[in-house]
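Here's the letter readout for the chains.
Number of protein chains: 4
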Amino acid sequence: MSYFADLISTLFERASSLGKLSGRKQAPIDTLCRELLTSKGEVSGATLAQAVLNSYAASGDADKLAFFFQLRDEFDLDANTAKTALTAYQQNPDKKTYAAFMHAVDAPRLELVRRLNQVSGATAQLVAMRQDLLRLAIDNPEIAIVDHDFKNLFLSWFNRGFLVIRPINWTSQAHILEKIIAYEAVHEIDSWDDLRRRLQPEDCRCFAFFHPSMPDEPLIFVQVALTDAVSNSIQVILSDDRNAISAASATTATFYSISNCQQGLAGISFGNSLIKTVVQTLSRELPDLSVFVTLSPMPGFVSWCVGLNIQLDSPEPDDLRRIAAHYLINAK
Amino acid sequence: MSYFADLISTLFERASSLGKLSGRKQAPIDTLCRELLTSKGEVSGATLAQAVLNSYAASGDADKLAFFFQLRDEFDLDANTAKTALTAYQQNPDKKTYAAFMHAVDAPRLELVRRLNQVSGATAQLVAMRQDLLRLAIDNPEIAIVDHDFKNLFLSWFNRGFLVIRPINWTSQAHILEKIIAYEAVHEIDSWDDLRRRLQPEDCRCFAFFHPSMPDEPLIFVQVALTDAVSNSIQVILSDDRNAISAASATTATFYSISNCQQGLAGISFGNSLIKTVVQTLSRELPDLSVFVTLSPMPGFVSWCVGLNIQLDSPEPDDLRRIAAHYLINAK
Amino acid sequence: MSYFADLISTLFERASSLGKLSGRKQAPIDTLCRELLTSKGEVSGATLAQAVLNSYAASGDADKLAFFFQLRDEFDLDANTAKTALTAYQQNPDKKTYAAFMHAVDAPRLELVRRLNQVSGATAQLVAMRQDLLRLAIDNPEIAIVDHDFKNLFLSWFNRGFLVIRPINWTSQAHILEKIIAYEAVHEIDSWDDLRRRLQPEDCRCFAFFHPSMPDEPLIFVQVALTDAVSNSIQVILSDDRNAISAASATTATFYSISNCQQGLAGISFGNSLIKTVVQTLSRELPDLSVFVTLSPMPGFVSWCVGLNIQLDSPEPDDLRRIAAHYLINAK
Amino acid sequence: MSYFADLISTLFERASSLGKLSGRKQAPIDTLCRELLTSKGEVSGATLAQAVLNSYAASGDADKLAFFFQLRDEFDLDANTAKTALTAYQQNPDKKTYAAFMHAVDAPRLELVRRLNQVSGATAQLVAMRQDLLRLAIDNPEIAIVDHDFKNLFLSWFNRGFLVIRPINWTSQAHILEKIIAYEAVHEIDSWDDLRRRLQPEDCRCFAFFHPSMPDEPLIFVQVALTDAVSNSIQVILSDDRNAISAASATTATFYSISNCQQGLAGISFGNSLIKTVVQTLSRELPDLSVFVTLSPMPGFVSWCVGLNIQLDSPEPDDLRRIAAHYLINAK
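Residue numbers (the numbering used here), protein chains in the order written: chain A, 539 to 870; chain B, 539 to 870; chain C, 539 to 870; chain D, 539 to 870.
Just so you know, these hints were derived from the structure itself, not from any lab.
Since the structure is predicted, the reported quantities are computational estimates derived from the model, not experimental observations.
Keep in mind that a hint or two might mislead.
Heads up, the list lumps identical chains together, so a pair's fine if it works in one copy or across two of them.
Stated by the list, open to error - Computed cross-link-like contacts, DMTMM-like style, restricted to lysine to aspartate or glutamate with a CA-CA straight-line distance of at most 25 Å: (1) K602 - D632; (2) K602 - E612; (3) K634 - D728; (4) K633 - D614; (5) K602 - D778; (6) K717 - E740; (7) K621 - E755.
Generate coordinates for the entire structure from the input sequences, incorporating the hints supplied.
This is the structure in structure tokens:
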């Protein structure tokens, strides 16, 4: 081709590529996935991605299971290619051999999920997709291997650096509060009135993590009671008869409930991060706050510790455990 | 340990772990990195991460180079472990062997960078870190292998699904507009007055991609002129003497400039995504818009196409190229 | 006084004037009002204003009534001064005599209320104050004359040009939605579930007017059902069994409920403004909307028309009535 | 008329009243004003208001002057009616006679301006209208009487309770910063670079008042330098060579410039309010701030005091003057 001094090229006609690919939207999901993985540029990628997500959303469990098997088998990495690339890298470790090896060990299903993520609202749908995967893997443990890749992708996407903390209170949006009611895991919330009692008083605080690509879905939230004394009873702390103190006069912050909201993010730990961030946030706002405690019902203590990654039996106690042990010994 | 019915454990004393680890903040960066990689929970991770980033920011090129060599060598993957794990996976591919293999091929430097990202503002600093890496790699090509990992992480973090498009106009914030002036790559902007002439008229549009974790740094932006006829001359389009038309009467949108802002995101392609998103955005707002063209000066045409990933010589033309070719043939 | 080249004068000591006037905060409300009216600059005006509002809020009906009598009598205009000023103006109408006359007919209680308005949150408190005034005036009609001034001030402050329209939907804040439930005047809302049924479906719309100085208090709101046919039955329109249509396919917008929220703004008409603004808003968003109707239960029809300032018996029918009559004749 | 159980009346046809009154939009402005004042409901009020404002905006000084004469003469109050109403009120002061008197002394031009305010953006245009009025009144003092009414309306509309304070800094929007450059009255700002030097450093602060109905137009702004010592020289305070201190270590806040932005709001005092609000704002943010001073160049000292309503010769010194005098005596 030869070109003019100021070259003009038309990138798009008004009839968007969406229209051109309308035929494909009816294609079965496995076909759509293959096309999505082979599409070169991003011109039609969004269309295919949306088509795959729509198809998946309309599927029943049988089709979803088939989809996960396709991810496991057809979009698997090629171990032989990987071995060859690894050997080449071992013999001559440079950028070229490393790149080839890294490419060989990146199962195509990972690239597929990355490409699915490009359309608006996709992240939430992919989290829901993993929720299905975990559920179906109970009776079909062979697909569990695919979850390893979903989980690693989410560990990268939901890195603490990308999470946003937001207070949850009575001025929060109703569609978010509705989820707080639904997801509250420790001390059930019965009604909107009950919710108001938990959020509106000045001695009640609640904070949640959100990811910017899922603005309507809290990932995890924690509830905190501000008191002027340490209490070991949640009934006392939340009692309607309590003398609700002003936030400024609080000396103690009691974290009495923490709830993970997304089953599709199981195994991805946000709890410690959230509690730590809330401690910093409250410390800045209320300089007289000096004690931070968690209140945990005995029955669930062990699993709660697991959920927050609190190691109580580790031979190498971290600061967390040492302080907890010290408190426990003195409290007995 | 035995526990009471309602167990209380103290998570934090007000003297935050920040204070306790103050000694470590003075430690050399290689020590800090080691500790960051071995720290168990996230209690002190943020402190170490901040310390590493501070130390890096205060370093000169020599120390930065040493840091990159540490990433390359000390935090390299172990090829032997990888080979063993791959063999085990090949013999018995299940979730366990797959996980072990995936762990073995994930170079520790990747986990280090993920952990660095946890503190506020870290993402922008890591992008700047890669900018240094690319610069230093010119004279030290041995560290280029580390860039493969940075780039792959960024490909995941800066996935189209996480980018946010924002209009850039005369009501945008000054500290953002300052960057538009600085980053404009095709048709230089001389002054704030010049910038106003490019942004304020009704027939001028500008859009940028942002990543939520770097809200003050545009990643890429495109400038568009709305006209009622196709023109092949940028001088005509931007002329102060032109009859600026109302947006509603425009039939043609000419993309006359596209500028990548982040050298640390080199090789990560945003151009096609941005142009496509802008076409959709303008189409929705201005139903009479029917022609979308790009205007490219001849001298830089080839590199511009490379920058936008427009393949003009591919044996498998995508929609983009077919339309461009068609236009070119007819325009001659 | 002689001054230096660059003169320095200290405006405030850190011990704010709030502290200095603490004694006055305990003064009775009538004393505080006198001081507020005579205070020269604005240095201590805010303090006095806050003190008056606090004192009023803590008062029972007897003290509030006394307060209104003070407004009526002590802060009344002086009719003799007014007459003198009017005569002077009549004889020589210029800016000076006009200003003097205008000042003479501006009862001091008007300036008092303007000065009360300066503190944060005062506007809402003044609206509540008028609500008390209207209530107490039932048994004490002598204070009704004071309401004329309150109403005129509010007519000025709540001018259509200052009102802001906001959609009310399921993403609105809970503390606002709580008021929608409480204020709904035509078709009672039983619960939060009931509210969701009214707000969340795509064929339901709700809009409210707010004043920027009272951001948490809707002034008036209207509920609209989008349908593809005109219906004369609210039960049909709101039925849970209805086929909720997509907004884009709606041809008819039925305004089925309008509720004034602020008793303290009685007699200040927002209804027509709101309905007109909503018609424009919906027309822009949904180009296929061509019919706008209101649905009104027979029993309350007359008072409803009064509330919306729809004159049905006026010898000079406005557009509104002519269209209504035309519709009625044809509908029989 | 008889009505059905559920009555339906059509309020608006899709062809809005705007279309029906298109003929009137071409009517001369005096005709439009008459219609605006006599229009009953609000159905066509907005249309007429917009037409008047458009007509005014397109007028030259001669037509504007004629408009102001119309306001003065045709829309004047009727002094005889006022006298009669006043007499009736004096004889029998009740709500009815008071209302009649108040109505008689409310010149129709006041209601006209209130009705003009109803359309979007009207407030800013009315402020500009008063700017014209003040300008034309220099050579035509007979229209000055009309300004009394404009000023009183604005005193009500721009009541401190309705103003919003916003920080102005380098992250503010460019179209607002452009006005700061233009309006800066004391220490001229030469360029955008100069503006950045005034706004971006940590020891520089700037705050402005806005009215919600004119969000793009600052009313007044003040510039503050944070220092750790009192200085009497603006050159020292703003010097590029100064050691810019951190805000947290500042002990002194020097208000070195205050600029009124709206000539159409002349005579309406915002200065004291703004300074007082800024003192409170800075005190809350920086607890170590203990001294607040203003820095005023000698030449303009007297007029500056007038502008801030600082009475230096009052026989009844307010707190402000006593402190200033005390400081001056000690500083000599």
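We went through each hint and held it up to the structure:
1. K602 - D632: between (41 Å within a copy, 20 Å between copies)
2. K602 - E612: Within. Shortest intra-copy distance 15 Å satisfies the 25 Å Cα cut-off; inter-copy 43 Å does not.
3. K634 - D728: Close neither inside one copy (60 Å) nor across copies (42 Å); limit 25 Å.
4. K633 - D614: Cα proximity of K633 and D614: in one copy and across copies (24 Å, 13 Å).
5. K602 - D778: Intra 47 Å, inter 32 Å, cutoff 25 Å: neither.
6. K717 - E740: Both. Shortest intra-copy (22 Å) and inter-copy (20 Å) distances satisfy the 25 Å Cα cut-off.
7. K621 - E755: Classified as neither: same-chain Cα gap 41 Å, cross-chain 41 Å, threshold 25 Å.
In this structure, the earlier hints numbered 3, 5 and 7 are contradicted, and the remaining ones agree with it.
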